[in-house]
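Colleague: Which chain is which? The protein sequence lines are A and B, in order. For the record, in the first sequence the residue sitting at position 170 is 170 according to the numbering used here, with numbers rising by one throughout. For the record, in the second sequence the residue sitting at position 63 is 63 according to the numbering used here, with numbers rising by one throughout.
Hints listed in this document are in silico derivations from the structure and should not be mistaken for laboratory results. For clarity, every value in this text was computed on a predicted model and none was experimentally measured. Careful: at least some of the hints might be erroneous.
[Claimed, not checked] What follows is a set of in silico ranges between Cβ atoms, one per label pair, in the way DEER data are often shown:
#1 B:Ser116 with A:Val46: 49 to 55 Å
#2 A:Asp115 with B:Asp292: 48 to 54 Å
#3 B:Thr5 with A:Leu448: 15 to 21 Å
#4 B:Thr5 with A:Thr181: 50 to 56 Å
#5 B:Ser200 with A:Arg105: 52 to 58 Å
#6 B:Gly371 with A:Ser379: 36 to 42 Å
[Claimed, not checked] Examples of chain B residues toward chain A, derived with CB under 8 Å:
#7 Asn3
#8 Glu7
#9 Ile17
#10 Phe19
#11 Leu65
#12 Ala86
#13 Pro172
Glycine included, each C-beta is placed from N, C-alpha and C at the ideal position.
Chain residues, written in single-letter form:
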Amino acid sequence: MVFSSPIFLFGFLPVSLGLYFLISRRWQNAWLFLVSLVFYSWGEPVLCVVMLLSMTSAYLLAFPISKYKADRPRLARLCLFVSVGINLALLIFFKYTGFIIDNLRLIPALSPFLDGIRRFALPIGISFYTFQIISYTADLWRGNAQLQKNYISFGCYVTMFPQLIAGPIVKYSDVDTALRTRSVTIDGFATGIRRFAVGLAKKIIFGDGAGALFAYFLQSREFSPTALSAWGMMISYTLQIYFDFSGYSDMAIGLGRMLGFDFPENFNYPYAARSVTDFWRRWHITLSSFFREYVYIPLGGNRRGRARTYLNLTVVWLLTGLWHGAAWNFVLWGAYYLIFLIAEKTFLLKLLDRVPAVLGRIYTLFTVGVGWLLFSATSATDALSVIKDLFAAPALTTPQVSFAATSALPFLLLAAVLATPLPKQLCQWLSRRPSPAVKYAESAAILLLLMLGVAFAAGSSYSPFLYFNF
Amino acid sequence: MKNKTPEIILIFSFCFILFFGMASYVTSTSPDFSEDENRVLAALPRYKRDDVVGAWSEGKLSRQLNSYFSDRLVFRRQLVGMQGAAGAALGGGASRGVAMGRDGQLATYLFDAYLSPTRRASSSDFFLESHIAEQCAAVKRLANELQKQNIDLCFLPAPRVVDVCAASLNYPAQPSDKLMGLIKSRLSDTQSLALIDMLSPLRQASARGEYVMYRTDHHWTAEGAYMAYLEIMAALPYNEIPLVREDFSARKIENFIGTTASRACIGSTPLCRPDVMEIWEREDDQSFTVRDGNGFEMRGFIDEKFLSGKDKYGALLGGTRNYLEIFKTDATGARVTERPHLLVVKDSFANSVIPLLARHFDITAVHLSGGMTDVSKYARECDADAVLILYNLENMVTADHLNRVK
Numbered sequence: 001m002v003f004s005s006p007i008f009l010f011g012f013l014p015v016s017l018g019l020y021f022l023i024s025r026r027w028q029n030a031w032l033f034l035v036s037l038v039f040y041s042w043g044e045p046v047l048c049v050v051m052l053l054s055m056t057s058a059y060l061l062a063f064p065i066s067k068y069k070a071d072r073p074r075l076a077r078l079c080l081f082v083s084v085g086i087n088l089a090l091l092i093f094f095k096y097t098g099f100i101i102d103n104l105r106l107i108p109a110l111s112p113f114l115d116g117i118r119r120f121a122l123p124i125g126i127s128f129y130t131f132q133i134i135s136y137t138a139d140l141w142r143g144n145a146q147l148q149k150n151y152i153s154f155g156c157y158v159t160m161f162p163q164l165i166a167g168p169i170v171k172y173s174d175v176d177t178a179l180r181t182r183s184v185t186i187d188g189f190a191t192g193i194r195r196f197a198v199g200l201a202k203k204i205i206f207g208d209g210a211g212a213l214f215a216y217f218l219q220s221r222e223f224s225p226t227a228l229s230a231w232g233m234m235i236s237y238t239l240q241i242y243f244d245f246s247g248y249s250d251m252a253i254g255l256g257r258m259l260g261f262d263f264p265e266n267f268n269y270p271y272a273a274r275s276v277t278d279f280w281r282r283w284h285i286t287l288s289s290f291f292r293e294y295v296y297i298p299l300g301g302n303r304r305g306r307a308r309t310y311l312n313l314t315v316v317w318l319l320t321g322l323w324h325g326a327a328w329n330f331v332l333w334g335a336y337y338l339i340f341l342i343a344e345k346t347f348l349l350k351l352l353d354r355v356p357a358v359l360g361r362i363y364t365l366f367t368v369g370v371g372w373l374l375f376s377a378t379s380a381t382d383a384l385s386v387i388k389d390l391f392a393a394p395a396l397t398t399p400q401v402s403f404a405a406t407s408a409l410p411f412l413l414l415a416a417v418l419a420t421p422l423p424k425q426l427c428q429w430l431s432r433r434p435s436p437a438v439k440y441a442e443s444a445a446i447l448l449l450l451m452l453g454v455a456f457a458a459g460s461s462y463s464p465f466l467y468f469n470f
Numbered sequence: 001m002k003n004k005t006p007e008i009i010l011i012f013s014f015c016f017i018l019f020f021g022m023a024s025y026v027t028s029t030s031p032d033f034s035e036d037e038n039r040v041l042a043a044l045p046r047y048k049r050d051d052v053v054g055a056w057s058e059g060k061l062s063r064q065l066n067s068y069f070s071d072r073l074v075f076r077r078q079l080v081g082m083q084g085a086a087g088a089a090l091g092g093g094a095s096r097g098v099a100m101g102r103d104g105q106l107a108t109y110l111f112d113a114y115l116s117p118t119r120r121a122s123s124s125d126f127f128l129e130s131h132i133a134e135q136c137a138a139v140k141r142l143a144n145e146l147q148k149q150n151i152d153l154c155f156l157p158a159p160r161v162v163d164v165c166a167a168s169l170n171y172p173a174q175p176s177d178k179l180m181g182l183i184k185s186r187l188s189d190t191q192s193l194a195l196i197d198m199l200s201p202l203r204q205a206s207a208r209g210e211y212v213m214y215r216t217d218h219h220w221t222a223e224g225a226y227m228a229y230l231e232i233m234a235a236l237p238y239n240e241i242p243l244v245r246e247d248f249s250a251r252k253i254e255n256f257i258g259t260t261a262s263r264a265c266i267g268s269t270p271l272c273r274p275d276v277m278e279i280w281e282r283e284d285d286q287s288f289t290v291r292d293g294n295g296f297e298m299r300g301f302i303d304e305k306f307l308s309g310k311d312k313y314g315a316l317l318g319g320t321r322n323y324l325e326i327f328k329t330d331a332t333g334a335r336v337t338e339r340p341h342l343l344v345v346k347d348s349f350a351n352s353v354i355p356l357l358a359r360h361f362d363i364t365a366v367h368l369s370g371g372m373t374d375v376s377k378y379a380r381e382c383d384a385d386a387v388l389i390l391y392n393l394e395n396m397v398t399a400d401h402l403n404r405v406k
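Please construct the entire structure, taking both the sequences and the accompanying hints into account.
Modeller: This is the structure in structure tokens:
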């Protein structure tokens, strides 16, 4: 079930929210756990078992970790490894088996043994909930979190529907207190509505709109690869992935606020970054923070000399690439960022500090855009072909692609402005006005955005069966 | 103390929208058929108690419920219109693959272009040249085969609205010219074939402001169909004199909102300028019979029941049917003989031309997507004097029916 579907907006959400506030506080976690399981199992009921298995193993192994970490640290450490191992094994099994088989198949002698291996469907959100579960186990081991004895509360943390399938990755310590006691205020609920409405509009109007443009430019290349279509692909995908992902994160954060949880921010205007290093402080913040906290720093971070720092960065960025998908173009994408981050660490950042900010932004946007071409391609060869066409295509454009680009210009310009902090700064400036009319106007604007989001959701299900199709 | 009224209003409105939306599924009685989309809307799934778990675990129940909630959303038509209007504003004159031009002219410009029997390039304004060439080759083979039987073949690739009205849409004309040019280059040397290019005359007429293509639908108007009729009559080797406009009286059917407006989701908005559909009639129309061989039969060319609904174009010849016979009867009800027999291999564009051609010919019309491919054999069996292929460029770009004719 996706947040932008009518069944979520007019079926699941009113029932979940309505009963959440009608029942006693002590039952709220149980209710959230129950509706989250319904939410998750909506599309793929069977794969819910994988999540429950993952979650239950971490829950049970947390008891010996907590109990023995002071007196019998070896035993506790063993439990930690088993718990993390089970979760990673499930992630690798479901997400990477196909990738591993495809690569092993390149060795002819192994090929006959690989034919019978069955491939399983990828459980939705497995990368997100696995990391959340690992964060709980690791935080418990490090003493940053208390043992959660209540299975329902732990289940509520892992499966909570707002952040279950697309993040943000919520560390256990972020919501530990809220799981035990929380309150929903009028301000909090209203803030939640604002975030949800903005997120819905971002996702369904701009994310999906940019997605349709990207699909067009990609399709046009099948007939006639041009420089304009390559640039169109880069720009539209850059916008699509931002609005889609950050819109979904906004909706998740908004829903969390309505329920009394403060989820961490996941985006901070990444396309306003002045360097790639800055970009990764603003993009998918919870993932970067997870890798920093649970991989980079435990490996030694930058405290063990330059060579070890680069090695640690390499591990983190190859894992970041693989986390996004089981294919070589994602590995290449991770390696691509590794190169820029190392370059910035060694000399580029100093250089960027000396040039005008706008040049830094252009450099970052272009680097990130090219990165998205690697990310969005079905193979590394396809990606390299589009990147080459940015500057050396067989033709500059075709009449059709020029028309598409011209028609899309108002949309692209508006989306580009909305991807900067300008709208937020404008809202903050307006909210400082003493006039109550501004407050009412803001509420009206939020409701309009919500209705537009609903309208686009209705439009996405609208499929005329045309006369000539008979 | 801070005034919380705006927040309270926001919360109340949000909850109202959510709960009103939910309650409407229980209380409202929305129609089962969407005229705008020309399809039956999803119904609430019903299962026996024992089957529910199975349907749930397979994901079937959730898919059906998703469709139900999407299709039966309250104020769906208005919301879709709102989306269409917002999409048009953001799309700089194009939304959902529909270009929006001057005077309310709409034209679909993105199609699912044919790539292979199992692949289509969805929402594309390109075409596969080899696919067009294959279809031309099939038409050429058919022309040669028919020539052996002394049957004339006439081929009219009907242009799309986007081909004809490019100027008023600011859409480039080059792709259309290239497509038509390719067809002409492949078929112009075929002696046994009369190829009719309607693109140039219709485009010129449109540029003069003549109403030859519908604004909101993908078909040509009665005027456009009449222009095609004149060209067909000139191309066929008979000494029949075409009827002039003054021989007809035009009945105007107001408020025709066609398929293109539906696709753009603006049919219910002020952005849509409905068409006026003209039906050209003569006093002797009732002396013509249309039947499909499956029990459908009507006198005249118009099925009146369509005219009060949305799909007004469907009134012509009673809508799309795989097979039709159209012939003239005399005052006693007997079939008039000794009229030349024309086999029309067609799509829906022909439905507005056939009523004009039927004044001169007995007609057998077969829909090309209906599975009939052996045209030469069929022409012989039905004793046709001539064959007309009237097939829209959109179908040539998207489908592979024409390259199977023989």
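Colleague: Each hint: holds or not?
Modeller: Here is how each hint holds up against the structure:
1. At roughly 34 Å, the beta carbons of B:Ser116 and A:Val46 sit outside the given window of 49 to 55 Å.
2. A:Asp115 and B:Asp292 have their C-beta atoms about 53 Å apart, which keeps the hinted 48 to 54 Å range intact.
3. For B:Thr5 and A:Leu448, the Cβ-Cβ distance of about 19 Å falls inside the hinted range of 15 to 21 Å, so the restraint holds.
4. In this structure the supplied range 50 to 56 Å is violated for B:Thr5 paired with A:Thr181, their Cβ-Cβ distance being about 29 Å.
5. Separation of B:Ser200 from A:Arg105 is about 56 Å and conforms to the stated range, judged on CB atoms against 52 to 58 Å.
6. Taking 36 to 42 Å as the suggested C-beta distance range, the pair B:Gly371 and A:Ser379 conforms, at roughly 39 Å.
7. A cut of 8 Å between beta carbons decides the hint on B:Asn3: the least distance to chain A is about 6 Å, and the hint holds.
8. With a least beta-carbon distance of about 4 Å to chain A, the hint placing B:Glu7 at the interface is held under the 8 Å criterion.
9. With a cut of 8 Å, the hint placing B:Ile17 at the interface with chain A holds, because the nearest CB-to-CB distance is about 7 Å.
10. A hinted interface residue such as B:Phe19 counts as satisfied when its beta carbon comes closer than 8 Å to some beta carbon of chain A; here the least separation is about 5 Å, so the hint holds.
11. Given the 8 Å rule on beta carbons, the hint for B:Leu65 holds: about 6 Å separates it from the nearest Cβ of chain A.
12. With a cut of 8 Å, the hint placing B:Ala86 at the interface with chain A holds, because the nearest CB-to-CB distance is about 6 Å.
13. Because the smallest distance between the Cβ of B:Pro172 and any Cβ of chain A comes to about 3 Å, under 8 Å, the interface hint for this residue holds.
Comparing the model with each numbered hint stated earlier shows that hints 1, 4 do not hold.
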